[in-house]
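One line per chain: the protein sequences are A and B, in this order.
Going by my numbering, the letters in the first sequence line up with residues 1 to 501, in that order.
Going by my numbering, the letters in the second sequence line up with residues 1 to 501, in that order.
Don't take every hint at face value.
Unchecked claim - Cβ pair distances, simulated, as ranges:
#1 B:Glu149 / A:Gln342: 29 to 39 Å
#2 A:Gly33 / B:Leu251: 56 to 66 Å
#3 B:Thr349 / A:Glu299: 35 to 45 Å
#4 A:Gly498 / B:Leu251: 30 to 40 Å
Keep in mind the hints are simulated off the structure, nothing from the lab.
Where is the CB? At the ideal position from N, CA and C, for every residue including glycine.
Letter by letter, the chains look like this.
Number of protein chains: 2
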Amino acid sequence: VRGSTGGYNGSVTTPADPVVIVSNRGPLQHDRGADGQRVATRGGGGLVTALSGLAAQLDDAVWVCAALTEEDVAVSREHGVAAFTTDEQGALRVRMVELDPEAQRKHYSVISNPLLWFVQHYLWDLANAPDIDRELVDAFETGYVAVNERMADAVAEEVEARGGQATVLLQDYQLYLVPQLVRQRCPRALLHHFVHIPWPQPDSWRVLPPSMREALLVGMLGNDVVGFHTERFARNFLLGCQELLDRPIDLRAMTVDVGGRTVRARWYPISVDTAAFEELAASPAVEEKRAVLERQRREHLLLRVDRTDPSKNIVRGFRAVDLLLEDHPELLGRVTFLALLQPSRQDVTEYADYVERIRRVVADVNLKHGSVDWQPIDLRLEEDIEQAVAAYTLFDVLVVNSVFDGMNLVAKEAILVNRRDGVLALSENTGAHEELGAFAVTLHPFDVQQQADALHEALTMALADRRARREACAGVVRHNDVGRWLARQLRDLEVLSGDES
Amino acid sequence: VRGSTGGYNGSVTTPADPVVIVSNRGPLQHDRGADGQRVATRGGGGLVTALSGLAAQLDDAVWVCAALTEEDVAVSREHGVAAFTTDEQGALRVRMVELDPEAQRKHYSVISNPLLWFVQHYLWDLANAPDIDRELVDAFETGYVAVNERMADAVAEEVEARGGQATVLLQDYQLYLVPQLVRQRCPRALLHHFVHIPWPQPDSWRVLPPSMREALLVGMLGNDVVGFHTERFARNFLLGCQELLDRPIDLRAMTVDVGGRTVRARWYPISVDTAAFEELAASPAVEEKRAVLERQRREHLLLRVDRTDPSKNIVRGFRAVDLLLEDHPELLGRVTFLALLQPSRQDVTEYADYVERIRRVVADVNLKHGSVDWQPIDLRLEEDIEQAVAAYTLFDVLVVNSVFDGMNLVAKEAILVNRRDGVLALSENTGAHEELGAFAVTLHPFDVQQQADALHEALTMALADRRARREACAGVVRHNDVGRWLARQLRDLEVLSGDES
């Protein structure tokens, strides 16, 4: 069965084989409401939209994910190993895998975060951390490996239920061992894994002992295709296979040889569901928040919207504002840096510490430059999507100064719906910089003075220049939307499938 | 003039052209003794020995270096721009370049250390440091650039005084801008630069803003050959030229194209002057220290000898001993970890902090495991070469667990003169591991449990195994001595010189 998905400016050839989507966090989550009733919440974000949209086009698709809440577990028990159909449109079939809670904790909060996340974003302070010790090795074996095995079992069962032939679309860094495990059981499956975070250069993997890093790489070499946001990440992956596994690679063909089988490294920059996002930006809930923010704003609005993740470089962003106000006292009282930060992974020490460092620097900068009726930094540590989107429409300069960032969708979302010809100030180390850097003001994430200078440049840019840049950025985002991201992957898979059949 | 140097088991073809050696620290240093008399001290180490030995073979060689002490400055003023002949053997001509003290401080203690050193050893805690600010940019421009320009002027004058044709042998990370500056003035000079520390993968350079990192790389591309300890470092250099400068590279030929000119990346593992070192080990001064250490030792002696540099991974080494004693209480009272650590770069905050962390963990481990008459760690924060060499002869296990390390000469020195069939416990991330890893017990530097297990394995290894490994290691060091290191570079330069003339 082949068809075409809507919602994106181009046509998609859907796979002829059944599709099995695999991710740690699934497309929906179950909780109990205040009234004790079960509530199913659809995940936000372009990924869920795009993949759900794909699944809706197919006769046979299933999404395998972990049961993350107690209510997810209850649902998964009701259905046993059977996938169930979500009620929204009835199109998407989901199989939630119940996991041992302790295994799940080790998998998610010890190994995936911070260990792998920090390795892949170059965040370890190597003279001091991490210490790989017995606890960490145990967390790898009884957490990461165990969860990957359970997930692989569920995926293999779904593939086997379809005669062993299916296109498997795996997502992200929580599941690096799944591809090889599935391949062993289902050699005819077509395995594609998309990595949503940076893939670092080989030396960064040397933080992990050989047993771990080799297991992760060998796991990923179970795929037919490994997808990344950028060519650099894809090249880093191949170089890692060469340096750390001694596998022959071809940097022109962008392939690695695994005992006669070829694994391809490809790049597909992810994006947002532009139509859905523009609709959200125009919604009454967002309009209401927008009116409030409008009343609060001063002449210039700097904005950042991030999880409180060390990779986001939030502290240096505030130091840059400190320098900006030192160098340009004429801005005192006229500019606000609105920082909408969602506390993230607070069960992980490194993340809890980072929030404290953020609060410290904000207190310092506000004390130093603020006055009775004005604070330069308006820090809001909360999650409020409508407020964030409202702020997207209002900023003069969006600050994205990530240390390293796989893509950074905030940049794409915000520039798409901004209504003030806002300027994107974008770290050179984001995946998004490859697409949008030409129209952004580039930030060098370790250079606080350059960031201060760049913010001043952005704040004082002529309106015509701002407008031209914003329109160019928004045009790129609209063209390379999440539908295209998915379509390009599927087209490549179709060619591959044709080659091999 | 071609000849052959002695002191190494092989023959060296010396360059036909005059030779100009260039390094920040020169082959000798002047101070005033207690009696007010000038004292010239010859630098230790294989590099000085090898290059001085080369110079002694040549009709015309000069060593250009910085005047580092007040007395060096006095000497350099007496000679003006003229090189002077050192009194030892009268063979080596030296030109000491007087530098502005403030420029020198910024060059050495701000940019070279810690900035470049940390970038090249992956030591920055990127979420928090460094902050590139006005002070750092100023230190680069008025320190690093200024010193490199002064040094390049002196080198170019020496080359020009020889008709513009000379072989220039540059050393290390303090002088990355010199090659391009010299090439501009002396296009017929043959420029060779040896980097004594790791060359990291391209992303590590992204810590520096483009203006700095590009200046450093362009500076190095002024060379004809860039030499490293290992093939990995050489490949990293080429990948950096590709990623950061967009230069075409050839990973088979190991070359980079610079507008039609070819720059070669090569690798030559450095070593020690084995004869001189064995002589030192047998000297009365060392024998005396050896007798003292013999009386103090317990059954098993673990040893480390290092500068207090975060790259040396000293804290994790002590944590590993903590785990070793937890897991093997039978070792209590029977093993001593002698840590001979020379305080290093204490004017740099990061280094001063590191010494405090070392003292903290030693206090903790000794308090936890020690008794009235025994401390597991014997920490000596002092510089005493004779004592270090005495300890080399006595250890059962030498601990080299560096985070990253260009070569690590301690490993080569110590295994060469050890008399107890000591075992080398060697980090996989040292350059030395490529030569000696097969006969060492490999340490994974971030894995404290693995280090504890490996130390136990080394301590309990059968004598025959220990002996075979030590002899193999010593054999490798004797064969690949520092004479061979230099000879291989000169042979490659001769071929190159022949190609181009």
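We went through each hint and held it up to the structure:
A hinted range of 29 to 39 Å for the beta carbons of Glu149 (chain B) and Gln342 (chain A) is inconsistent with their spacing of about 49 Å. Taking the beta carbon of each, Gly33 (chain A) and Leu251 (chain B) are about 59 Å apart, inside 56 to 66 Å as hinted. Between Thr349 (chain B) and Glu299 (chain A) the Cβ separation comes to about 39 Å, which falls inside the hinted range of 35 to 45 Å. In this structure the hint that Gly498 (chain A) and Leu251 (chain B) lie 30 to 40 Å apart at CB holds, the actual value being about 32 Å.
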